[in-house]
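Asks: Protein sequence lines, in the order shown, are assigned to chains A and B.
Counting from 1, one number per residue, gives the positions in the first sequence under our numbering.
Counting from 1, one number per residue, gives the positions in the second sequence under our numbering.
Keep in mind that the hints were calculated from the coordinates and are not lab data.
Predicted model, so just to flag it, every value in this text is computed and none were measured.
Among the clues, some could well be false.
When the alpha-carbon atoms are kept at most 30 Å apart in a straight line, the in silico DSS-like pairs for lysine-lysine are as follows [as the list claims (entries may be wrong)]:
#1 B:Lys-60 to A:Lys-164
#2 A:Lys-162 to B:Lys-95
#3 B:Lys-2 to A:Lys-162
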Amino acid sequence: MDAAEPLHELLARLYREESRRVLATLIRLLGDFDLAEEALHEAFRVAMEQWPGDGVPANPRAWLVSAGRFKAIDGLRRQARFEPLDARLADSIAACDQPLWDGDSLEDDRLRLIFTCCHPALGADAQVALTLREICDLSTEDIARAFLVSPSTVAQRIVRAKAKIRDARIPYEVPGRGELAERLQSVLQVIYLVFNEGYFASSGAALTRSHLSNEAIRLGRLLLELLPEPEVMGLLALMLLHEARRPARTSASGEPVLLDQQDRSLWSAELIAEGDALVLQALRSQRFGAYALQAAIAAVHAEAANAAATDWAQIVGLYDALLRISPSPVIELNRAVALAMRDGPAAGLALIEALLDRGELADYHLAYAAQADLYRRLGRSGEARDAYRRALHLARQGADRQFLQRRLDELVDG
Amino acid sequence: MKYLCLVYSNEQLLHDSPDSPRDEECFAYAEVVRQSGRMLAAEALQPVETATTVRMRGGKLSITDGPFAETKEQLAGFYLVEARDLNEALQIAGKIPAARVGSVEVRPVRQLDV
């Protein structure tokens, strides 16, 4: 501890850096999210009262855990006069001889918290809200603003999720080897969903909500520290490589700038270097999955000095590999766009039309936008206009709509 | 904690899909769960055409033919198990052979507040 640091600043810093760890351990010790949150705040309140006189304890984190636990037992005993069940709960917590404090179990507690918040028995909305609230310490108001829902909707999702964890007895544990891979997928999905919500805002005018993307990257880093699996590396790399492009992906007027038009000197070399290293590490493990492959595609883009210098053959190959592990029409669409760059617009167009004929992407504006772009490059302006109109009809986001409208206007004028 | 695993399936498909379990397999799995000590009860049900629904309204008993709700999937059977937590219950439920053609709803049993 820095002796010169004023106590209120030290406490604020401890809250920022340690409150989630302390909470994760208190949830294990007390067996209840709400009880643990209350205990966490009690612990910091007591610290504020006692530390000025008693001095700062040698291990503040351990002190906060044990103060929180003590306060919770104390509170339950006092309430026991009205609610006899609380007495039994207090006794069972007090009698429990789980280790309060040792390095390993503390790291495990953070993983326990992550796996519990992202448990597949909770709905996707609940997983995201709970993760952002409990692990990232975002307020319900912040979460509501980011997802364009009311704070009471977010609060209700969190209350329901906690009730399900308690009533259906979702265990507070890191899954065993047999289940780990599958359960990790649901954690990665939550993190990627948070990132995408910040990166490709699905509706509304504000295109960049970098705050959410940064939270997702922070979560990715935390998970990698606790569980260095290849797919965790892959997801973190993917997010970093996308985040690197953020300064170049919107124009001064707020319109999206497509990858091939972006000023690559604005890309963050630092994030790209970190992402590249992680992709390599993941691919070398030979146990990589869809996230590492998507990150590898982003890394190929990142290493090209300009759009024309892109190694499209390698990108098509990576999409082939990706389709083998996780077939999806959106990945087929992306592969078709890459193939059009490698073999010319006519070849890509044939694939996109076959894909649209199958009907799976009939409501996806980017499928028509890609089709329109290839028509335009082939000089088939009438068909390009029709496809842009269809894309415009389906696009929800203001900036996407402006971009499509401008492309359409150019064709009408030309 | 007790969990009720409700096995739902489209009755038209339950016995006719290539993945459909035969009675011997269903019986064998129930034996496995029984021997693990987790089983409290398990039964397969007659088709939904045999269902009768009763309601007591204003002191009068009403009896109607058919299930409580017409749905695409019908209740085909159930397991009542004792499990450590939801994860263990989900593991047991996932291996019920009918889960391959239908779905299994896992519900914690509520202690009556008395």
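Asks: Compare the structure with each hint and give your call.
Replies: Going down the list of hints, with the structure as the test:
At most 30 Å may separate the alpha-carbon atoms for a hinted pair to count; B:Lys-60 and A:Lys-164 exceed this at roughly 37 Å. With a C-alpha separation of about 27 Å, the suggested pairing of A:Lys-162 with B:Lys-95 holds against the 30 Å cut-off. The suggested pairing of B:Lys-2 with A:Lys-162 holds, with an alpha-carbon distance near 19 Å, which does not exceed 30 Å.
The structure fails hint 1 only (numbered hints given earlier).
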